[in-house]
Every structure is written in C-alpha cells, then in structure tokens.
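Enquirer: Put chain H on the given structure of chain U with help from the hints.
Same order as they appear, the protein sequences are chains U and H. Numbering follows my numbering, with no gaps: position 118 of the first sequence is 113. Numbering follows my numbering, with no gaps: position 30 of the second sequence is 54.
If you are wondering where the hints come from, they were derived from the structure by calculation, not from laboratory data. Among these hints, one or two may not hold up.
Label-pair restraints from in silico Cβ distances [stated by the list, open to error]: (1) H:GLY186 to U:LYS20: 55 to 65 Å; (2) U:ASP81 to H:LYS173: 52 to 62 Å; (3) H:LYS255 to U:LYS65: 53 to 63 Å; (4) U:GLU23 to H:GLU258: 54 to 64 Å.
Idealized CB from N, CA, C, for every residue including glycine.
Okay, here's what each chain looks like letter by letter:
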Amino acid sequence: MHEWALAESILTAAVEESKKEKMKKITEIKIALGELQQIQKDIFRFALDEIIKEQGGIFKNTKIIIKTEKSTLKCKNCENTWSFSDMKKKISEEEGESIHFIPEVAFVHTRCPKCGSPDFEITAGRGVSITQIKGEK
Amino acid sequence: MDVRTSVIDKRLDKIKCIISVASGKGGVGKSLVSSCLALNLSKKGYKVGLLDLDIYGPSFHIILGVNDFSFPKEEKGILPHEISGISFMSIVYFSGDKPAPLRGVDITNVIIELLAITQWGSLDYLIIDMPPGIGDETLDVIHLIKKSKFVVVSTPSKVALGAVDKLLNILTELKLPVLGIVENMKINDLTLIFDYAKEKDLKYLGSVSYDWALEGSIGFPDKLMNTSFMKDFEKVVEKIM
Chain U
-4 MHEWALAESI
6 LTAAVEESKK
16 EKMKKITEIK
26 IALGELQQIQ
36 KDIFRFALDE
46 IIKEQGGIFK
56 NTKIIIKTEK
66 STLKCKNCEN
76 TWSFSDMKKK
86 ISEEEGESIH
96 FIPEVAFVHT
106 RCPKCGSPDF
116 EITAGRGVSI
126 TQIKGEK
Chain H
25 MDVRTSVIDK
35 RLDKIKCIIS
45 VASGKGGVGK
55 SLVSSCLALN
65 LSKKGYKVGL
75 LDLDIYGPSF
85 HIILGVNDFS
95 FPKEEKGILP
105 HEISGISFMS
115 IVYFSGDKPA
125 PLRGVDITNV
135 IIELLAITQW
145 GSLDYLIIDM
155 PPGIGDETLD
165 VIHLIKKSKF
175 VVVSTPSKVA
185 LGAVDKLLNI
195 LTELKLPVLG
205 IVENMKINDL
215 TLIFDYAKEK
225 DLKYLGSVSY
235 DWALEGSIGF
245 PDKLMNTSFM
255 KDFEKVVEKI
265 M
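Isolated chain U (complex conformation):
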C-alpha cells in the first residue's frame, strides 16, 4: 500500500519538527488528507498505528486527528472553480487511480469543466499534510 509511504513521511516530519522545537513528547498531530489524492483513511490510519508501534518513544499516547480537506481547482483561463468530486464522474477508474498516486496527473487526465483548458491550479486539498503538532517540552 502506497499510503504507508505517506504515513511514514508524516511521522518522520513530526519527529523532525519535535526536535526543532525540543519536544520530549508529541501529544497530538493534526493531519489533513487532500480530497484529490483519495487516500483511504482506514489504511492510512492503520499504517500510522503500525509505524508508531515500531517507533514508540516520542509517540506514546499521541492523539492523531485526521481530517479530509475538500479540493478546489481553479482555471487560470476562465477562473472557474470546481472540486475533485465534481470531476470524478467524468474520469475512468484508472485515471482516478493515477491521480491517487500523483495528484498532478489531474492536469493530464482532466480539463476545466467550463472552458476545457488544461491550465488550472490546485488551490486546496491536494495531498497529505500536517496542520498542527502539539507536544511537551
């Protein structure tokens, strides 16, 4: 599962941040899952739990809060905005799976639903990120 690699990146980044902030313990991590990447929350959480079990230490009793962030795509040509859920019906399962691996492949497989331009931007809800870390010093 490719979610494992992303879960690992969350926890590695959290450890790096805790070292910068001289935290002895990470008490809470808030994670945003961008809608565009279509991460399976249960698999992602399973991966986080497994890696935390392996690492222990700084993650003992860490509260993990995962929220899905709605995606917004904005056309640079006509300024139309839309979301991944709007366009999901118009793409094949395989194209959706490609976007799951590399969200920017949306520029390959989709177009602005209003004017058909490939020149749009992902303004929200792209992929996996940490929105907040809390810890004890």
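Expert: Frame of chain U, contents of chain H only:
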C-alpha cells in the same frame, strides 16, 4: 507543512551512487546517454535504477521499448518496474502517452511525490535522466537529492555549448560534484568540447560519434547494446565509474 521531503533521504539511503545526466540544451542525447549508461552498468552486473525526470518529454520507455504501463506494485510505497534488469520509475506509469501540461510548482510536486513514495531498495547506481535547462527539475534535484553527482552532455556545437556552459556555471557555483562532460554526436575532428573542458578544468569523459544506424535500435535494448554508439560509449562509462 509539506511532510513528503522528510523521507526522501531515507528512500535513497541504500543507493551507493546517484548520477544525474544533465545538459543546458535539449536534443543533445541526454536520454540516450542516461539509458545506455544504465544498460551498460546493468550488463556489467551492477544493480541499477533509472528515474526519468523529464516530465514533459519522458524518453527512457521509448528507448528501451517499454509497452507495459501498468501501475507499479505497492509495497510500503511503490516499487519500480524492472526493464532489462533496470529498476525504472517514470511519470508515464500514471500519465500514459498523454501530454503533461504542468507549471513549475506542479513539476516540483511530481518530483517530490515520486521521490517520497518510490521504494528503490539497494542499488549500486541510480541514474537520473534530467530535462534540459536549469529550471525546476534541475533545482529540485540539487535541493532534494543531496548526494547526486552530475554528468553533463553536449554536442560539438557552439550553440549547445552556450547553454551547457550556463548549467556548468551553476553547478560549479554551488560546488556540486561534476563527473565530467560527454561529447555526443561527434561528426568531425573539431576539439571544441575537449578544449572547453580543459579550459574549465572539467574531466572530458570522451566522445561518441554520430551513429547513423542508431535510430533502428531505439526500442530494442539488445540491439542498442551492439550499436557503434554503445561501442564508443563503453569508453565513456569506464571514465564515469
């Protein structure tokens, strides 16, 4: 907070040597040099990977005749496909043959994503096929892959060398390791590239003569190995290693 860059070093830590094949100019044969370098090292018995970072014009799959574009297998990330003994990763597994009209920030995101999720495992060499120029991909490789060394390709052309010189100036300014310069498509006895290398105190890795029959071998790795290009290139590889 973008978390993906935190694991890139870990993904690359079992790779002994990373070589980015770059040029300031397009059309000088970077992809062919990258592909043949990977093929040659693989045939010598080394464990080799190739990462195609030419997002707009990926070429390795064409040079090696890849026609299986199925998704990479997933195992705590994604596993490269094996092509002629080479572990290979490219955007083509997700974009197919469609164009990828990406802006700079999106190119960077693709590169970070590929580096963060690809599980290369242990390799002797990872060859990175770079796009031309000193734009996003070059800056991303410099920024994200700290242990990359560079092989620079030029043709014996003042026009190509003008752009190659700019790339080399940046690499030198940043004190990055340049293994040397390869002169590709040599068609005469002019010593333009040799003299340039000498003047810049760069290693001249040798020349590869223009191979008029090469095009017929594109798409066929076994045929490629028997071209006069590959014969000339063997001497270049010895100097790179």
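Enquirer: Each hint needs a verdict: does it hold in this structure or not?
Expert: Checked hints:
1. H:GLY186 to U:LYS20: 55 to 65 Å: 57 Å, holds
2. U:ASP81 to H:LYS173: 52 to 62 Å: 46 Å, violated
3. H:LYS255 to U:LYS65: 53 to 63 Å: 58 Å, holds
4. U:GLU23 to H:GLU258: 54 to 64 Å: Cβ of GLU23 (chain U) to Cβ of GLU258 (chain H): about 58 Å, so the range 54 to 64 Å holds.
Consistency note: the structure conflicts with earlier hint 2 alone.
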